[in-house]
Amino acid sequence: MFSKVFFLFLLVALYATVCQAKVYTKCEVASALRKKGVAESQISTWVCLAHAESNFDTNAINRNTWDYGIFQISSLYWCQSGDSAGNGCGISCNSLLADDISEDIDCIRYIYEQTEAIGQVPGFKAWTTYSQCNGDNSAWVSGC
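For the sequence shown, numbering that gives the first Met the number 0 begins at 0 and goes up steadily by one.
FYI, nobody ran anything at the bench for these hints, they're computed from the structure.
Worth double-checking, as some hints may not be accurate.
Stated by the list, open to error - Cut-off 30 Å, straight-line C-alpha distance, at most; resulting in silico cross-link-like pairs (DSS-like, lysine-lysine):
#1 35 <-> 21
#2 25 <-> 124
#3 35 <-> 25
#4 124 <-> 34
#5 124 <-> 35
#6 124 <-> 21
#7 21 <-> 34
What the hints assert, rightly or not - Pairwise CB distance ranges (calculated):
#8 21 <-> 118: 32 to 40 Å
#9 101 <-> 39: 25 to 33 Å
#10 112 <-> 30: 19 to 27 Å
The beta-carbon is built from N, C-alpha and C at its ideal position, and this holds for glycine as well.
Could you build the full structure based on these sequences and the hints that come with them?
Given below as structure tokens:
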């Protein structure tokens, strides 16, 4: 009996560990962006976008558009997921679901730079939620 209860407890604990995602605070996102060398002038906008896209949840997946992670990066262009053609950032979409958002930040910086260079949908405008973050975003980093 004890071994069955222990085994069940172990399964529940393992499931909770695997399925648990990190939900960042605005200051944790700002700190991660700073550590990766993101320009201070952009940090408040990135924090706003992370909130608008995923509510700071690293495990967010939009199953309609197949966008992944805290910044909702598209598998259509930027990450590799199954049969998707995109992989501009050179990473697996599943890696964007990790608690560590370093790769996510590298990818958003790459997307920003690439779209700025092309000019069609430049920089932050590559994110559909940018309309919610176009303006004074200082509140997103206030106290950070």
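Cross-check of the supplied hints:
no.	hint	verdict
1	35 <-> 21	holds, 19 Å
2	25 <-> 124	holds, 21 Å
3	35 <-> 25	holds, 16 Å
4	124 <-> 34	holds, 24 Å
5	124 <-> 35	holds, 21 Å
6	124 <-> 21	holds, 26 Å
7	21 <-> 34	holds, 18 Å
8	21 <-> 118: 32 to 40 Å	holds, 35 Å
9	101 <-> 39: 25 to 33 Å	violated, 18 Å
10	112 <-> 30: 19 to 27 Å	holds, 22 Å
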